[in-house]
Structures are given as C-alpha cells and as structure tokens.
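Visitor: Spelled out, the chains give:
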Amino acid sequence: MSNPETLILKEAADLHRFLQPIAKMCAIARTDHPYYRDASYILFTYLSGLINKTREYLEDLPQRPGKSPVIQHSIRQKLKLLRDSWGLLHRYIKPCLDADTLHIPIPLLDVLNDRLKLIPECEAFECAVFQLTAANYAMLPYYEVNSVANGIARRVNGEDFPRSLSLVGIPYSQSSGFFLNCLIPHEMAHFVYQEIMVTEVTNAVDSILNTHYPNAQDASDEFLETLSQIRGLINLWVEEIFCDLFAIALIGPAFSFAFAEMTSASLIIDTLSGNAKQSFEFGQSHPADVARFYLHKRHLDALGWWNQIKDWRSNSVDLLDHCCLVFGKTTLSNKIPPDVASQLKLQCFWDACDWLLGYVKRTVPASDKDIKHLADHYDVISKYLERAIVPSTIITESGPVYPTPVVLINSAFRFVLQDFDNLLKRVDMEPMNPVRERSWYTERLELWVLKALEDYRLLSASQEAK
Amino acid sequence: MGVICKEEIKRRLNFLVEDEKQLVITPLLVKDEIFKTGSDVDSIDLRLGNNFLLPRVPPLPYTFPSPDASTQSHMRMQVPYGKYLVLPAHQTVLGATLEFIKLPPDLCGQVLTKSSVARTFMVVETAPWIHPSYRGSLTLEIANVSNTPVILYPGRLICQLILMDLIDAGPEREKLHGTYVAPVYPEAPKFSDPREDLKAIGIPHGEFLLPGHNNQSTK
Numbered sequence: 001m002s003n004p005e006t007l008i009l010k011e012a013a014d015l016h017r018f019l020q021p022i023a024k025m026c027a028i029a030r031t032d033h034p035y036y037r038d039a040s041y042i043l044f045t046y047l048s049g050l051i052n053k054t055r056e057y058l059e060d061l062p063q064r065p066g067k068s069p070v071i072q073h074s075i076r077q078k079l080k081l082l083r084d085s086w087g088l089l090h091r092y093i094k095p096c097l098d099a100d101t102l103h104i105p106i107p108l109l110d111v112l113n114d115r116l117k118l119i120p121e122c123e124a125f126e127c128a129v130f131q132l133t134a135a136n137y138a139m140l141p142y143y144e145v146n147s148v149a150n151g152i153a154r155r156v157n158g159e160d161f162p163r164s165l166s167l168v169g170i171p172y173s174q175s176s177g178f179f180l181n182c183l184i185p186h187e188m189a190h191f192v193y194q195e196i197m198v199t200e201v202t203n204a205v206d207s208i209l210n211t212h213y214p215n216a217q218d219a220s221d222e223f224l225e226t227l228s229q230i231r232g233l234i235n236l237w238v239e240e241i242f243c244d245l246f247a248i249a250l251i252g253p254a255f256s257f258a259f260a261e262m263t264s265a266s267l268i269i270d271t272l273s274g275n276a277k278q279s280f281e282f283g284q285s286h287p288a289d290v291a292r293f294y295l296h297k298r299h300l301d302a303l304g305w306w307n308q309i310k311d312w313r314s315n316s317v318d319l320l321d322h323c324c325l326v327f328g329k330t331t332l333s334n335k336i337p338p339d340v341a342s343q344l345k346l347q348c349f350w351d352a353c354d355w356l357l358g359y360v361k362r363t364v365p366a367s368d369k370d371i372k373h374l375a376d377h378y379d380v381i382s383k384y385l386e387r388a389i390v391p392s393t394i395i396t397e398s399g400p401v402y403p404t405p406v407v408l409i410n411s412a413f414r415f416v417l418q419d420f421d422n423l424l425k426r427v428d429m430e431p432m433n434p435v436r437e438r439s440w441y442t443e444r445l446e447l448w449v450l451k452a453l454e455d456y457r458l459l460s461a462s463q464e465a466k
Numbered sequence: 001m002g003v004i005c006k007e008e009i010k011r012r013l014n015f016l017v018e019d020e021k022q023l024v025i026t027p028l029l030v031k032d033e034i035f036k037t038g039s040d041v042d043s044i045d046l047r048l049g050n051n052f053l054l055p056r057v058p059p060l061p062y063t064f065p066s067p068d069a070s071t072q073s074h075m076r077m078q079v080p081y082g083k084y085l086v087l088p089a090h091q092t093v094l095g096a097t098l099e100f101i102k103l104p105p106d107l108c109g110q111v112l113t114k115s116s117v118a119r120t121f122m123v124v125e126t127a128p129w130i131h132p133s134y135r136g137s138l139t140l141e142i143a144n145v146s147n148t149p150v151i152l153y154p155g156r157l158i159c160q161l162i163l164m165d166l167i168d169a170g171p172e173r174e175k176l177h178g179t180y181v182a183p184v185y186p187e188a189p190k191f192s193d194p195r196e197d198l199k200a201i202g203i204p205h206g207e208f209l210l211p212g213h214n215n216q217s218t219k
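Those protein sequences? They're chains A and B, same order as listed. Counting in this note's numbering, the first sequence runs from 1 upward without gaps. Counting in this note's numbering, the second sequence runs from 1 upward without gaps.
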C-alpha cells in the first residue's frame with residue numbers, strides 16, 4: 001500500500017492532469033476561432049483563472065502533508081471535494097464552448113441584453129449561453145455553478161464567480177431560430193429574480209400567506225411543516241410568473257406566442273382534446289399553463305399591448321382570451337403531496353400574482369413607444385416581409401423608419417401567425433409539400449428578422465458614432 | 001441601357017414598398033456620407049458582412065457539382081464586427097455584403113471590387129451580374145490572388161454597386177423565384193444532379209461518366 005504522502009501526490013497530480021485539457025480548451029476559446037459573445041469570454045477567463053489557482057494549490061500540496069495522519073486524511077478529503085466540484089463544473093464547460101457565435105441566435109441575444117440593461121439594477125448583467133441536450137430552455141440556478149465555483153475559489157484562494165454573469169441554456173439545435181428563442185428572456189428573468197428581486201417578492205408572498213393562514217404561529221409542528229411546503233410551492237410558482245411577466249415587459253406578446261408554441265397550448269381551446277388536462281394543473285415547480293396565459297393577458301392589458309393585439313386573427317391571441325374564461329378551473333397536480341394539497345389555498349397564489357403584476361410593471365421601463373410604432377408600422381413591415389425583404393429600413397409616408405427590436409420581434413410574430421400566406425402566395429417555385437414549404441419559408445423569415453435586428457444595432461451604433 | 005446616377009438611386013430608395021420601382025439597400029450606414037456632394041455619382045459602396053463560407057478540402061480529390069456539394073464543400077464561419085478574418089495568399093472564401101438589396105424590375109446591376117481593395121490583389125466578385133428584381137445580400141466570391149495573406153474586417157467597404165436601367169423591362173415579376181431566395185448570408189452553391197441536366201439535352205444516364213470511374217459509365 002502506498003504511503004499517504006505518495007497518495008496525496010498522486011491524487012493531486014491526477015486532478016492536475018484532469019484540469020489540463022479543460023484549461024487548454026478555455027485558453028483556445030479565448031484566443032482563436034470560433035468567436036463568442038462577451039459574456040462567454042468572461043466565463044472562459046474566469047474558469048481559466050480558477051483552473052490556474054487550482055493547479056497552483058495542487059502543486060503546493062506536497063509541501064503540506066506533514067506526518068499527521070489526521071492532516072493527511074483531511075487533505076485527501078479536500079482533494080476529493082475539489083475533484084467532485086470540478087466534475088460538477090465539467091458538465092457545463094463543453095456546452096458553453098459549443099455555444100459560439102455560429103450556434104446561438106446572436107442578434108436576438110444582443111437586443112435582449114440591450115433591453116435588460118435599460119433596467120437600472122441590471123446594467124452590468126451579462127448572459128452567457130450554453131447548449132442543452134433537452135428541447136427546452138433553462139437558467140442554471142445559483143447552486144449548479146456559482147456556488148460550486150465559489151466553493152472551489154475559497155479552497156484555492158481564487159476569485160468568486162462573476163456576480164453579474166448568468167448562464168442560460170438553449171436547445172442545441174435552435175441556434176439559427178428566432179421564434180422559439182423568444183423564450184430566452186424568461187430565463188434571463190430568473191437571474192434578475194434571483195439576484196435582485198427575490199427578497200422583495202418572497203416578503204410579499206409571506207405577507208399574503210400570513211393573511212390566508214392567520215393563526216399559523218399557534219399551529220402544530222406538523223401544520224407548520226406543511227405550511228412551509230406550501231410557501232415553497234407558491235414561491236416557485238410566483239418565480240415562474242415573475243419571469244413570464246418580466247419577459248413580456250421586455251419583448252411584448254412575442255413571449256406569450258413563443259410559449260404557446262413550445263407548450264402546444266392551442267389544444268386548450270380545442271374542446272375535443274378534453275381541454276388539455278395537464279395545462280390546467282399546478283405542478284411541483286410550475287403553475288398551470290392556463291393560469292400563466294391568463295396572467296399574460298392581464299399583463300398585456302395593463303401594459304397597453306392587448307388593445308394592439310386583440311384583433312389579430314390568430315389562434316394564439318384567442319388562446320389568451322380563452323384562458324381568461326377558464327382560469328378558475330385550474331387544479332393541483334396529483335404529484336403534490338396530499339397533505340399539502342389539502343391545505344393549499346390557491347387564492348394565495350392569485351393574490352401574489354395581483355401584487356406581482358403591479359411590481360413588474362413598476363420595475364421594467366414601459367414600451368409605450370414600441371406599442372405605438374407597431375400599430376403605426378406593422379402594415380408596412382408586413383409588406384416588406386411578404387416580398388422577402390429585410391425590414392431594417394422601411395419607407396413610410398413620412399419617410400424612412402428604422403423599426404426598433406421590439407417592433408421587429410412582434411411584427412415577425414404577427415406576420416407568421418396571421419399573414420404568412422401572403423408570402424407563400426408570392427412564391428413561384430416548383431411545387432413543394434406544403435409543410436416543407438411553410439417550414440422552409442419560416443426559416444427564411446427567421447433569417448430576415450434576425451438580420452433586421454442585427455442591422456438595427458449597427459444603425460444605432462453608427463448614429464451614436466456620428 | 002444607362003448607368004443610374006446617385007440622385008436617382010437616392011430617389012428610388014425613398015419609394016414606398018408597393019411601388020414597383022422601389023430600390024432597397026439596407027442598412028445604409030453613414031448615409032449622409034454616401035450621398036454627400038463630391039462622392040462618386042455612379043455607384044454605391046457596399047460593406048463586407050460578417051458571415052463566411054470557407055472552402056473545405058473535398059472528400060474526393062475534386063469538386064463535383066452535385067446536390068451534395070452544398071453540404072460538403074464549405075464550412076460556415078461568423079466573424080463579429082471589430083474582429084477579422086485572415087485570407088491566406090491564393091485562397092478563396094465566400095462572403096456577402098452587409099447590405100441587403102432589392103432591385104426593381106427595370107434595373108439590373110453589377111458589383112465590382114472597390115478599386116483600393118483591388119490594388120491589394122483581392123478579387124471580390126466573379127459572378128458580378130445582378131438580375132432585375134433580385135433580393136438578398138450579394139454573395140461575394142472573394143479571392144486573394146496576391147502573394148501575401150490579407151486581413152478582412154467585416155463592416156468595411158469592399159465593393160461597389162453599379163445599377164443600370166433595362167430597356168423595355170416589362171411588368172414586375174411579382175413572384176419570388178430563383179435558386180437563392182433573399183439570402184442574408186453567403187450560401188453554398190446549389191447544383192442539380194448533373195445526370196438529370198445532361199439527360200434534358202439528350203445524353204442518357206448510361207453515357208454519364210462519374211469522375212474517378214475510368215471509362216465506366218454508371219448505369
């Protein structure tokens with residue numbers, strides 16, 4: 001059996017060796033093709049620094065062991081913890097490296113980041129993207145990366161994870177997409193919530209719970225435990241609603257439409273489908289889809305969007321309207337423990353949402369101008385799109401106009417939801433399967449819109465330079 | 001046929017989209033500079049976009065113009081504005097103009113290497129003709145024919161667009177058509193099956209010689 005000093009030496013060297021290729025990958029990503037967004041460079045630079053600190057720590061270890069078996073054992077435990085922590089980070093490094101500028105919707109991310117930075121507390125926020133194998137969107141919660149990295153940093157005398165950096169995952173296949181990627185602002189909102197808003201929101205939820213469970217202090221331990229679970233559930237649901245409302249405040253109804261596509265929510269309207277039972281259920285982490293759409297509509301109304309979109313000839317708009325009629329039919333999923341379900345008053349959730357609607361409206365700058373511009377210019381923008389022209393400069397009766405990102409994003413949705421046939425009617429090519437044709441031109445439309453978003457930023461930058 | 005002057009270009013850029021004589025060039029960055037007095041009256045300078053297709057070493061020792069060529073012949077690359085691409089000596093790359101163009105039915109055009117760029121022995125266009133009613137960013141077949149590597153910065157001026165009017169142009173062809181519908185990035189070449197092309201002119205499949213099959217026709 002090897003002596004403890006040799007074991008420590010070997011285990012330190014093993015971890016050192018384990019980190020070597022990761023260091024190389026991060027270093028290459030910072031200096032060579034492909035390119036990344038600034039947020040990714042912040043991440044790679046941070047990881048490189050943390051790897052260097054870890055390696056210095058490991059290189060220093062053989063001088064430390066001494067002869068005490070207790071100290072030697074403790075060092076080996078620390079080595080194991082370090083290795084485990086790096087194993088956790090390892091899961092996300094390759095997905096981040098894969099998300100270079102060719103594999104993420106750069107123009108959309110850039111305009112979303114610009115919008116986010118308009119909020120005073122979010123000026124420093126950066127969003128690095130990684131690729132998810134799941135066909136879903138997600139923001140990595142604090143404990144997945146930040147706290148793991150901070151744990152390593154404390155051990156090796158490194159720096160804490162950058163506070164203003166979030167990691168958002170998008171499906172690896174959707175790099176060039178536009179419509180579905182309008183779900184990204186919801187994930188960005190999780191970061192805003194967790195970094196800035198969580199205390200204020202949870203305090204509000206607590207005070208609502210106190211109103212609904214007034215004698216909780218005198219209740220049994222058993223009930224207090226249940227109440228704690230209820231609080232946990234409602235906080236999770238409220239966070240999701242916060243992120244939905246925040247995303248709508250950021251980009252308008254486009255978020256609701258993207259969400260409807262992702263969840264195939266139009267089935268809610270279809271009575272033959274048994275009203276899509278799952279969409280009515282509050283689950284263990286997410287509120288019922290019907291409740292979400294109902295709140296989307298209320299928020300859109302409060303922000304001034306609803307008047308603008310209510311007459312769109314689209315199933316997605318009807319869906320929002322329909323959910324306002326049926327939101328009262330929501331139930332709890334049977335996956336929620338029975339004791340929690342029996343005591344949970346859904347009214348707490350609705351009251352928290354009432355408060356949240358006002359809170360988000362106060363927090364995110366209004367889009368009144370965008371709403372007006374969409375009303376004024378959609379007809380012209382749609383004429384550009386149906387002629388397969390990138391609408392970054394449109395000519396109106398009063399001269400050239402450069403539509404803003406929010407106007408472009410929502411125009412694209414309106415066009416694909418109600419006016420897409422106008423584009424297809426103009427196509428003079430060999431007959432194609434209608435699904436294939438629609439899919440092909442949807443991809444084209446996405447490219448034109450992303451190009452228009454990129455052009456908007458270039459036009460703004462060149463104006464500023466002047 | 002005559003070359004359209006800048007005043008006419010400026011006038012047409014301000015037509016409404018329903019007007020079939022509308023010309024689109026977007027985004028026109030530093031627009032005042034483009035139309036200022038004293039600038040060239042017969043052309044508009046265009047910028048290099050930030051997407052490229054780098055030629056790949058083909059799996060076979062030659063490029064075979066078939067439907068597979070579009071997926072096998074190039075590798076896409078994006079170079080953010082402010083960064084650069086090095087084009088080695090005697091190498092080529094497909095790029096595109098930053099500007100998206102839509103020509104009216106009575107105008108055709110030609111894209112030429114900007115003279116200052118040409119003097120570095122860069123050629124940016126080998127299929128320079130732009131048909132009436134074309135829409136899309138213009139694909140640039142960029143070749144560095146010099147003996148030194150050249151650095152390309154997306155966003156810099158690289159070529160010039162010259163527009164000409166068509167005699168008896170006829171009504172606008174309202175329908176979207178063509179192999180490349182309104183591209184915004186350079187797109188790899190799309191070829192049909194050469195056997196089918198030749199069959200259309202009376203050469204049977206049996207007489208078609210596949211490269212690498214010495215005198216063995218594919219039946």
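Heads up, a few of these hints could be off.
[Claimed, not checked] With a Cα cut of at most 25 Å, we get these calculated SDA-like pairs of lysine to any residue:
{"hint": "1", "chain 1": "A", "residue 1": "Lys425", "chain 2": "B", "residue 2": "Val181"}
{"hint": "2", "chain 1": "B", "residue 1": "Lys175", "chain 2": "A", "residue 2": "Glu386"}
{"hint": "3", "chain 1": "B", "residue 1": "Lys190", "chain 2": "A", "residue 2": "Lys345"}
{"hint": "4", "chain 1": "A", "residue 1": "Lys335", "chain 2": "A", "residue 2": "Asp321"}
{"hint": "5", "chain 1": "B", "residue 1": "Lys36", "chain 2": "A", "residue 2": "Glu397"}
{"hint": "6", "chain 1": "A", "residue 1": "Lys369", "chain 2": "B", "residue 2": "Val181"}
{"hint": "7", "chain 1": "A", "residue 1": "Lys329", "chain 2": "A", "residue 2": "Lys425"}
{"hint": "8", "chain 1": "A", "residue 1": "Lys383", "chain 2": "B", "residue 2": "Lys36"}
{"hint": "9", "chain 1": "B", "residue 1": "Lys114", "chain 2": "B", "residue 2": "Gly82"}
{"hint": "10", "chain 1": "A", "residue 1": "Lys329", "chain 2": "A", "residue 2": "Gly232"}
[Claimed, not checked] In silico negatives: residues of chain B with every beta carbon more than 12 Å from chain A:
{"hint": "11", "residue": "Thr92"}
{"hint": "12", "residue": "Asp197"}
{"hint": "13", "residue": "Glu207"}
{"hint": "14", "residue": "Leu209"}
Just so you know, these hints were derived from the structure itself, not from any lab. Think of the CB as a built atom: it goes at the ideal place given N, C-alpha and C, for glycine as much as any other residue.
Visitor: Each of the hints needs a verdict: does it hold here or not?
Guide: Structure-based check of all given hints:
no. : hint                 : verdict
1   : Lys425/A to Val181/B : holds (14 Å)
2   : Lys175/B to Glu386/A : holds (10 Å)
3   : Lys190/B to Lys345/A : violated (61 Å)
4   : Lys335/A to Asp321/A : violated (29 Å)
5   : Lys36/B to Glu397/A  : holds (24 Å)
6   : Lys369/A to Val181/B : violated (33 Å)
7   : Lys329/A to Lys425/A : violated (42 Å)
8   : Lys383/A to Lys36/B  : violated (30 Å)
9   : Lys114/B to Gly82/B  : holds (20 Å)
10  : Lys329/A to Gly232/A : holds (23 Å)
11  : Thr92                : holds (18 Å)
12  : Asp197               : holds (15 Å)
13  : Glu207               : holds (26 Å)
14  : Leu209               : holds (28 Å)
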